[in-house]
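Peer 1: Input sequences plus hints: build the corresponding full structure.
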Amino acid sequence: MIPASARRVLPALGLSIVVLAPLVALPGATTGAAPVPQSSEPNSASSSASSPASSPAEGAAPAGAGAAQAGGHAAAPKQHTAAASEPQLGFDPALVGLKGFPETLSKPAAFETAIRLIDARLDELRSAPSQAPSAGAGTAAAIAASGAAAETPAAKALAAETGQPAAGPRIKALEGLRQALRGDAALHQRLDDVRKALAQQDENLKDPAQRAVAGSPPYLITVRDQLLAERASRAIAEAAAERRLDSAQQREQVAADALAAAVRARRAARDQLQQAEDKSGKASAAASGKESGAQGAAAPGVAELARALEVARLHQLQARVHDDAAQTRVSVAQAEADLAAADQRLLGAKLEQVDDHVVLTKAMLDKQLAGLEDRAATLRDSLQRLQRMGDAAESALYQARRQQAQAKGANANGSLDVLDAWVDARMAQATAARKGAEYVQQTLDDLAAMERLWHRRYTVLTDPKSADLTGWLREAKQNLASLREDQDYVESELNALRDMALKLQGQLSDPGLTAALRAPLQVRQAALTEQESDAGTLLATHDERRALLERLTEQLDPLVSARSLQMRIHQALAWLGHRWSAELFVVEDQSISVRDIAVTLGIFLLVLALADLAKRVLRRVLRRRRARGEREPRGKWGLLLDALVEQTSPLVVLIAAFALALALSGLVRPQFRAWLWNVLVVALYVQVGLWVNGALTDYLVRKRSRKEQKDPSTVTGYGLLLFFAKVSVWIIVGISVLAYFKYPLAGLVGALGVGGVAVAFAVQNILGDVFNSMAIILDKPFRVGDFIVAGDALGVIENIGVKTTRIRSLSGEQVVISNTDLLKSRIHNYKHMRERRVVFRLGVTYETPREKLKRIPGLIETSIREQSRARFDRAHFAEYGDYALAFEAVYYVLGADYTIYMDVQQAIYFALHERFEAEGIDFAYPTREIIVRRPDAAEAPVASARAD
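With our numbering applied, the sequence shown corresponds to residues 586 to 1533, in that order.
There's no promise every hint is true.
Below are the EDC-like pairs computed for lysine to aspartate or glutamate, each with C-alpha atoms no more than 20 Å apart in a straight line [said to hold, decoys possible]:
1) Lys993 with Asp976
2) Lys1439 with Asp1458
3) Lys947 with Glu937
4) Lys1365 with Asp1406
5) Lys1062 with Asp1030
6) Lys1388 with Asp1371
7) Lys1050 with Asp1142
8) Lys1439 with Glu1473
9) Lys1062 with Asp1128
Simulated restraints, written as ranges between beta carbons of each label pair [stated by the list, open to error]:
10) Glu1135 with Leu1161: 31 to 41 Å
11) Ile1182 with Ile1316: 33 to 43 Å
12) Glu815 with Arg1069: 48 to 58 Å
13) Ile756 with Ala1086: 40 to 50 Å
14) Ile1351 with Leu1239: 30 to 40 Å
15) Asp1467 with Arg1440: 15 to 25 Å
16) Lys1050 with Gly933: 24 to 34 Å
17) Lys1088 with Ser1067: 24 to 34 Å
18) Asp1377 with Phe1308: 28 to 38 Å
19) Leu1239 with Met949: 49 to 59 Å
20) Arg1180 with Phe1308: 23 to 33 Å
21) Arg828 with Tyr983: 47 to 57 Å
22) Asp1467 with Gly1505: 19 to 29 Å
23) Asn1263 with Ile1182: 19 to 29 Å
Hints in this document: simulated from the structure, not taken from any laboratory. In this text the structure is predicted, and so the values were computed from the model without any measurement. Here a beta-carbon is modelled for each residue, glycine too, at the ideal position from N, C-alpha and C.
Peer 2: Below, the structure is given as structure tokens:
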């Protein structure tokens, strides 16, 4: 027997599995025959006194009974006998009111019988009278009808119980079982249909007449194109069938798990009922001779357990049908995949027959071109129509906007919504016409490209030797790639148009929409429909062009591959031998051949390779030095290596390689060699300047980085020093180049001195900014990252430059101020502000009583002290205003962040508003009192009014 601790756990586990099993098992599909044997599981403790392990019905593990998965379409459904399947189900269907339930469910008649039995059982449960025996009594009646254990204590208890029937769980279980059976029948019919179609395809593959293409060779190329399109469609269907097969296999495992859970739940319910009946029987024996109320006390619990067992049996039966359906689904998916593969084989056989006899006649080419020309003519007419529609839509849009502007000026709020809708409608019409014209023009381009493709296909089939097959193939592949991108773009636009159309449809379906607003919405909907139609036409033309490109690519691939590689190599060598010594051109009566250019190019590439090799070697040496001492400061050799590696100009290397190549190959005439040497010397001077400049830059940047960690403002000082260092280096380089060319430097230096004075006067403002930047760096009124207010500018310092300082304002833009103007203005630096002093005033009406006036400072103080980030200073009645009694409050925000200040102030204002509202204190607003006196009646009462 099951231990007592396990029996306490099994009911809850069984109930949860019973509830989840129909949800996990996917309804509507079975495999082969669904065996439902007539078992003899007892319904009472008297007939199931033996342990579960000794009961063959309860000890057998559940197993599926569908068609074999690996057998494809050749696998047939299994036929289960009652003896073979009885241990798998574990109970007689008559115990749940389904006596005569078919043993196997493989034929339509069996399904009809099973569904008819379920319908009869449902009618029986639904037509039960209100005071008839409950679910337990129904179970006892079913047991008695099956002839099993009619006199057990459970049956007596169930027969004695009366009350309202509780057949809800059983009805739900029976309805789920009926739904599963209907899906099972439909799936069996689908499996039979697919297998018949597969058998027919197998016969077609064996029959030469069925494999033959209609007509006799030669075949038109359109026949081959159609077969290729069908094969591509079958390939897609085969891939989809494979995906369905994988999904069906996963669902099969889920169904098997659900069946095992249902079996465990039924066994748990059976064991609970058996235990309850044992206890009930012992209590009856102990109470013999006494009053007969003891047995009746235990009967209700036994009845509930009996109903739970019946529901568990129905759930197991439903899970068994779902499990068999999942196996049938696998067989259907496998058969569909086999059918798609058979279709592929049949189409492949037809293509093999057609490929060797494909022709494209001149008449057919002319017919195709004529059809394309007819379509192009129609599209050109459509293009002109769209252009006219676009002009009309633009004019209507202009008029609608004028009417909208006039309505806004006249404050015609009633008609403004309608005018806005008409503006949107006219804009949609203009957009649809403009985009439609673009779509039509692209469609015309596609038709022109299709004409060229048909001409090329005709050339490939009739005269392939005269065609540039390799170039055509390369161009076709490039066009295919770009065309896929165009198709994706058009599809995205189509999806956007459909979304807009759905939104418009939702607005038009609003019953409260007025007729005035419905008209422009309908115009917009018509414009979107027109634009969507043009986009769909373009997408269809893209598909046609892509199909033509794919057909052309399939034609060109074997032809290009068939050309002999040896022939092409021989032709290339002969062409190179002829061109090697051929004279290309003549310069200054000097012949230049391919050989001369090749030698020059070889020397040029050799110099470049040597320079690159030297750079790599130096980089490796530098990497090793860095690995030995990563944190040590670099010496002069380290700076030199860095400069050689990083500051070697590729342009200088190219000039040097070009000069050496020309000089060594002999292409340069003697009168040009001196000029070439001078160019090389200038390039070397420039390279030396780059090296020195790089070394100085590296040194100063490293120094600046170490200083910048302590003070970011030193960046500008080092930047200025770096600027002067670079200028000095290039001045020295320039003077050296002039000295090499023996230019008189004395006069140049004097002229530069006088010119320098003149330049100093001309740029004195710039120099003033430079010196002011040095003053900022030395005096440090602010640093990078400080928040300052200088005149009208406020923001965070981003950079202190040589001439200007850049400030990032609160609104996001960058404010650039010259250093001179910045130092002339008064600077407020908020970086070191610890707290912010806030003063605010508020006014109340003169009608406020004095007692409430006296409480206002306390209310203000309480509202401020509630804020953890604020420190109260004072709050007083400040003055008698023109229209209000003014109070003034001062507090401090504990922090410099402006957001914190605004949050605190907002919280204080909210608190004050709440307290004033609770006290009945009104805030004052500007008012004016007007006293009107009648000149003839001085005693008349004075009229006063308040006006905003």
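Peer 1: Give a verdict on every hint.
Peer 2: Checked hints:
Straight-line distance between C-alpha atoms of Lys993 and Asp976 comes to about 26 Å, which puts the hinted pair past the 20 Å bound. For the suggested pair Lys1439 and Asp1458, the alpha carbons sit about 18 Å apart, so the restraint of at most 20 Å is met. Note on Lys947 and Glu937: the hinted pairing is violated, with a Cα-Cα distance of about 24 Å set against a maximum of 20 Å. For the hint linking Lys1365 to Asp1406, the alpha-carbon distance of about 16 Å falls within 20 Å, and the restraint holds.
With a CA separation close to 18 Å, the supplied pair Lys1062 and Asp1030 stays within the 20 Å bound. Proposed proximity of Lys1388 and Asp1371 is supported: the alpha carbons are some 19 Å apart, at most 20 Å. Among the hinted pairs, Lys1050 with Asp1142 is consistent with the structure: their alpha-carbon atoms are about 14 Å apart, no more than 20 Å. At most 20 Å may separate the alpha-carbon atoms for a hinted pair to count; Lys1439 and Glu1473 meet this at roughly 13 Å.
At roughly 15 Å between alpha-carbon atoms, Lys1062 and Asp1128 fall within 20 Å of each other, so this suggested pair holds. In this structure, Glu1135 and Leu1161 meet the distance hint of 31 to 41 Å, their C-beta atoms being roughly 36 Å apart. Between Ile1182 and Ile1316 the Cβ separation comes to about 40 Å, which falls inside the hinted range of 33 to 43 Å. A C-beta distance of roughly 22 Å is found between Glu815 and Arg1069, which places it outside the suggested range of 48 to 58 Å.
Restraint check, Ile756 to Ala1086: a C-beta distance of roughly 45 Å satisfies the suggested window 40 to 50 Å. The supplied range of 30 to 40 Å is met by Ile1351 and Leu1239, whose beta-carbon atoms lie about 37 Å from each other. Our hint of 15 to 25 Å for Asp1467 and Arg1440 holds, since their Cβ atoms are close to 24 Å apart. In this structure, Lys1050 and Gly933 meet the distance hint of 24 to 34 Å, their C-beta atoms being roughly 30 Å apart.
Separation of Lys1088 from Ser1067 is about 32 Å and conforms to the stated range, judged on CB atoms against 24 to 34 Å. At about 30 Å, the CB distance of Asp1377 to Phe1308 agrees with the hint of 28 to 38 Å. The supplied range of 49 to 59 Å is met by Leu1239 and Met949, whose beta-carbon atoms lie about 57 Å from each other. Separation of Arg1180 from Phe1308 is about 51 Å and departs from the stated range, judged on CB atoms against 23 to 33 Å.
In this structure, Arg828 and Tyr983 meet the distance hint of 47 to 57 Å, their C-beta atoms being roughly 54 Å apart. The beta-carbon spacing between Asp1467 and Gly1505, approximately 23 Å, falls within the hinted interval of 19 to 29 Å. Look at Asn1263 against Ile1182: about 24 Å separates their beta carbons, and that is inside 19 to 29 Å.
Hints 1, 3, 12, 20 from the earlier list are contradicted by this structure; the remaining hints agree with it.
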